[in-house]
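Here our numbering is used: the first residue of the sequence shown is 280, the next is one more, and so on.
What the hints contain is simulated information worked out from the structure, not anything from laboratory work. It should be emphasised that the depicted structure is a prediction, and the values quoted were computed from it without experimental measurement. Even glycine gets a Cβ: it sits at the ideal position worked out from N, Cα and C. Just so you know, not all the hints are guaranteed correct.
Across the chosen pairs, the derived CB separations fall in these ranges [unchecked claim]:
{"hint": "1", "residue 1": "G541", "residue 2": "S502", "range": "42 to 50 angstroms"}
{"hint": "2", "residue 1": "V323", "residue 2": "V354", "range": "14 to 22 angstroms"}
{"hint": "3", "residue 1": "T462", "residue 2": "F332", "range": "16 to 24 angstroms"}
{"hint": "4", "residue 1": "G333", "residue 2": "S473", "range": "34 to 42 angstroms"}
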Amino acid sequence: MPALNSSSTAGKSKKPALRRGLLRGLRRGFRRGFTLGGALLLWVITVVVACGFGAVPLTPLQIATMLAKMVGLPVDASAWPPTYELIFLQIRLPRVILGSLVGAALALSGAAFQGLLRNPLAGPYVLGISGGASLGAVLAMALGLGSLATGLSTVPVMAFLGALGTLILIMALGSSQGRLPTTTLILAGVAVGSFFSSVVSIIVLFSDERMGSILFWLMGGLSGAGWSTVVNMTLYMLPAALVLFWHARNLNAMAFGDEAAGHLGVEVEKVKKWLLVAASLLAAAAVSSSGVISFVGLIVPHVVRMIKGPDHRGLLPLSMVLGAVFLVACDTVARTVMAPQELPVGAVTALCGAPFFVHLLRRHKTRPF
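Between the sequences and the hints, there should be enough to build the whole structure, so can you do that?
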């Protein structure tokens, strides 16, 4: 009887602890969802403001009416000229959506690389992906290649293929006995990226007629946005993003080191390859659609990490949404601050990011990640 009583007492004592753990999990999930919902609301506001700014200003009511008409709702849009719909639906809306996708891809890729490499100064271009993408795009422009049979421009296609080839080359150079040590990967990325950047510089030097367009692309911009670019970016981005979300728990485990993650049941080398490929493909998709846009993948995930902590289950989606907000806001500044001239959005993000980068260097000089 005493043994029976002690076991029943232990069972009763476990129930409150289990209930408390469940409540803590529900609270964390609620806070995560509430924060993500607030970020999505901020993104919607940013999109409306960005669509309204320009040589032809649009009010939120006009934007809502034109969106309703686009999806087939019976609304009256006769109060303004038809050119307003053309400006909104064919110029501003695809540009804002593409900016959102590119910003989300860069921030998500940066968050994954920072967690995987356990380095707050890592970004989506840490493995030299931008060098390969730039080489592909610059070759297409320098050779004057037109469109493919499908109607797609060769520039984003060549940029994506260049980034993909660079990733394969870096993984081949950085692998050692079937493993992917972080240090050798970074060194291989630096070497390959530097080589490709040198080749790009030589091509630009001998491309007098197309030098302006090449340099503008290299600085990053969304001026060529269209619905076909939006669709392609979505198709490139979606599977890679799903892979990163699927491995969010594994990223949490790998933050303690490869050996500790292995003891927790993570197949470290297999997961690392999946994460490297997915994060690199996100960067490749972004560069192929908009050129090289710096600092988005460094600033946004680091700020989110400081605010929300290192749990990648909340860090990844929040970085994604705030990356979209940040790039859309920067692009709005880039196209309106000196209108009718347009600044490369990469220049605006660099102006925002350089001071923050200096702050990070000072903050982490004596303190590890």
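Outcome of the hint check:
1. G541 x S502: 42 to 50 angstroms: Holds: the Cβ-Cβ distance is about 47 angstroms, inside 42 to 50 angstroms.
2. V323 x V354: 14 to 22 angstroms: holds (19 angstroms)
3. T462 x F332: 16 to 24 angstroms: For F332 against T462, whose Cβ atoms are near 45 angstroms apart, the range 16 to 24 angstroms is violated.
4. G333 x S473: 34 to 42 angstroms: holds (39 angstroms)
Figure legend: structure checked against the earlier numbered hints; the only hint not met is number 3.
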